[in-house]
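A.B. asks: Residue numbers (the working numbering), protein chains in the order written: chain A, 1101 to 1423; chain S, 19 to 262; chain U, 147 to 437.
Take these hints with a grain of salt, some might be off.
Where chain A lies over chain S, by a calculated footprint (3+ residues, C-beta under 8 Å) [stated by the list, open to error]:
| no. | stretch |
| --- | --- |
| 1 | 89 to 101 |
| 2 | 197 to 208 |
Distance windows between CB atoms, simulated [what the hints assert, rightly or not]:
| no. | chain 1 | residue 1 | chain 2 | residue 2 | range |
| --- | --- | --- | --- | --- | --- |
| 3 | U | Ser-308 | A | Val-1201 | 52 to 62 Å |
| 4 | U | Leu-415 | S | Ala-232 | 28 to 38 Å |
| 5 | U | Ala-323 | S | Arg-112 | 44 to 54 Å |
These are computed hints drawn from the structure, not numbers from a lab. Glycine is no exception: its CB is placed at the ideal position from the N, C-alpha and C atoms.
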Amino acid sequence: MKISPALAVLLMVACAALLALGPMVLPPFYVRVGQLMLYSAGLAVAWTILGGFAGYASFGHAAFIGVGAFAAGLVEARFSGVSPPLLLLLGLAVGGICCAVLSAAISYPILRLRGTFFAIAMLGVSHVCAELNNNVDFFEGSLGLNFPAVAPTSLEPATFFYWLYLFASLVVLLIAWQIRRSRFGAGLLSIREDEDTARMLGVPTERYKRMAFVISAVLTGQLGVIYAHSLGYITTDSVYRDDTNLSLIVYSLLGGMGSLFGPVIGAFMLVFITQVILGRLLDFHLFATGLLLVILVLAAPGGVLGLVRTFQLRRRPAAAPAE
Amino acid sequence: MSAAPILRVDRLSKNFRGLAAIAEVSFSIEPGSITSIIGPNGAGKSTLFNLVTGYLPPSAGEIQFRGSAITGMATNRIAELGIARAFQIARPFRDLSVFDNVRIGALFGKAGPRDVAATTARGMELAAIAHLADQPASTLTVGQLRHLEVARAIATRADLLLADEPCAGLNPTETAAMIEVLRRIRTSGVTIVLVEHDMPSVMEVSDRLLVLDAGRLIADGPPHEVANDRQVIAAYLGTPDPVN
Amino acid sequence: MNLIAQTLADGLVLGGIYALAAVGFSLIFGVLHVINLSHGILVLLGAYLALFLSQALRIDPLLTLPLVMAALFVVGYVYQRFLIQHAVDRSPLGSMLLTFGVALMLQNIMIWVFSPDMKSITPNWAFTSFRIGAVNFDAVRVSALLASLVLLCCLALLLKFSPLGRVIRATAQQTMAARLCGVNVRHVYALTFAVSAAFAGAAGIVIGIILPFSPADEATWTLNAFVVVVLGGVGSPAGALLGGLLLGIVSTLTAQYIGPSFPNVTMFLLLVLLLLVRPTGLLGNAFSASR
């Protein structure tokens, strides 16, 4: 389904405007759910730049949420005199730089791994970061970090963060959209399909992979910084979470791996299912997400968008059958 | 007056632990020509391609492309210089459309992305697959995939195309279509070197034949001359050379 | 000097147990080419089952070994035949995701049934220890090590000499040819997984005796198994033993000389280093020619 770029931008802006009305018409519980949906959608798109576009599915992106959050928190704690909005910007800047440096450094060894090895290595990265965070006093992971309140006094914090998440996720979406339309994006897709052939055709595969890795990490970290501020107080376990690692994959899988909007759809759906439908049954979450993953793998590996496409193809008269 | 050769191979040798896969092979390829390399199985044809494209380093000898040495250069560097290869076992980007497949060639080929849309269209035209532009590559037949391989290679603005058994496993109609594509590509200014077994097609389309046997070049000349060469006949049929 | 000797000895003991805990994972990777992310949860299942049975039947935990192994054998067979096989048919990532999903489901179930608290299995002879030269050995750990070594030997003998072992190896090396020779590949795969699960369960008992465990540990055991396989090679008990011993020694040395919180960090760095330098492990892939 091809739509012109101008129309796509128009649709995105319209959706954003509609979503922005949320806090003004929804009850508080749903505003919080909305926050979570927007946060998850942003994370999902950031993940998919590496996982869906380039085909390097990371099982450990929570590492960057943690790194971003703690870097921001540790620095902001030392500048308590500064005004809140500036503090937030400082946190975002520091979080971004730390994620950039970390991801750039590990990209060299870790991107030499492919497929399942890469996935597991990233899971290892996430666990190691969590462990260091928890055990090394400097990071204050076990004690916990407090974050300054950055919402302007004229606004409800819930509303402020809702709009902040909306804005941030929109930025992530636009960046991913731009990547997808560019030569860089075409190169990433070719890497996903057949990395060796891509290299032979002249795609600078190593450089592109690293760029995708760093961009994905930094964007994830930025969202992590916002998340930490919205919680107000975090420990290691608040941010370095295996269920986050899992969810990031499921968002793209559920919505349609490899597409741009699939992860957004998947994130909205999964958050809705776990928060609204299963909301009271907290104990069920792991089970439900796991079950959903199992069903997806067996019945709908293309996710929601895959099902849509299959449905569309079935309704069209068959093209000349190929063997 | 012939122009300078686009490809020059000088006393090229490749040994694999004492076995000479290629032994002192020398030849030149004229720009704008179609040359076919033939020979019995195991003669070293694929090894020769691997040496020219940089997959394997030679044990001895030199390879020159458009006057500069490319001996031992990395594969993607050689691709950037303007040599493209179409494989017998096609490797398309399965989830991308035919158009997007060919577009990768145009985006990343020699001399960077220029006139991407035009180059992509031209690649598909020459390979006769423009009508399949929106189809996902995973739905194509073997023959169509071969055309896609060629289209993508051409879209990289290569000056020299090395085609590895493009007609292998195709029926006569598909073979004729592929040969026609190769002719069109030659007309557009690209030099072609083929490895092929399908003798009628080879005789029909080639300007020159190179015959390899056990790593050595045993004949080099126009098709009909080579086909009647006693050594060549002996190599294929296995009878001792009646002259000597 | 004594400290190093003690640390190394502890490392070897731990390593033997790591080896047993990883050999099932290695087998599945080598034969089915599946990364089983539910491996750790199967290990824990063995531990919980042993705990339950030893309390219910009032027998020594090590005596529950045959029961637990049998139970997990059946579970493993069904799991592979009716669930994982379908995911394998889709894509390599598919089987990883499926097993990841199942691991989380089972983890949740275990939290419901057994509670998230740490548990341990304490046999009656738990607190004895003895010395050899300057090194202390704890009876529990030594018996755990001995059990591990015996079981690893049994598996090695099974793979090498039994008809089942031969069929498994043949199928691993040339699946299509095996099919053409009349091998029911799905059945063989399921049997392989069943064996792997049985050994994972046995490892769970052994681990349960020496360490406290809880459902949240499952990822650690899966990752441990992965590291052992990368270190020692894919598909062979010998490789698992080598990898396990290496991991054990690295763990205890790190804990002793760098800090008790850092074994996982070192393990991970070792993992990445080895994946870069020699991805097929120190002993390579037991079932296929090295690439």
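A.B. asks: Taking each numbered hint in turn, which are not upheld by the structure, reported in ascending numerical order?
C.D. replies: Hints 2, 4 and 5 not satisfied by this model.
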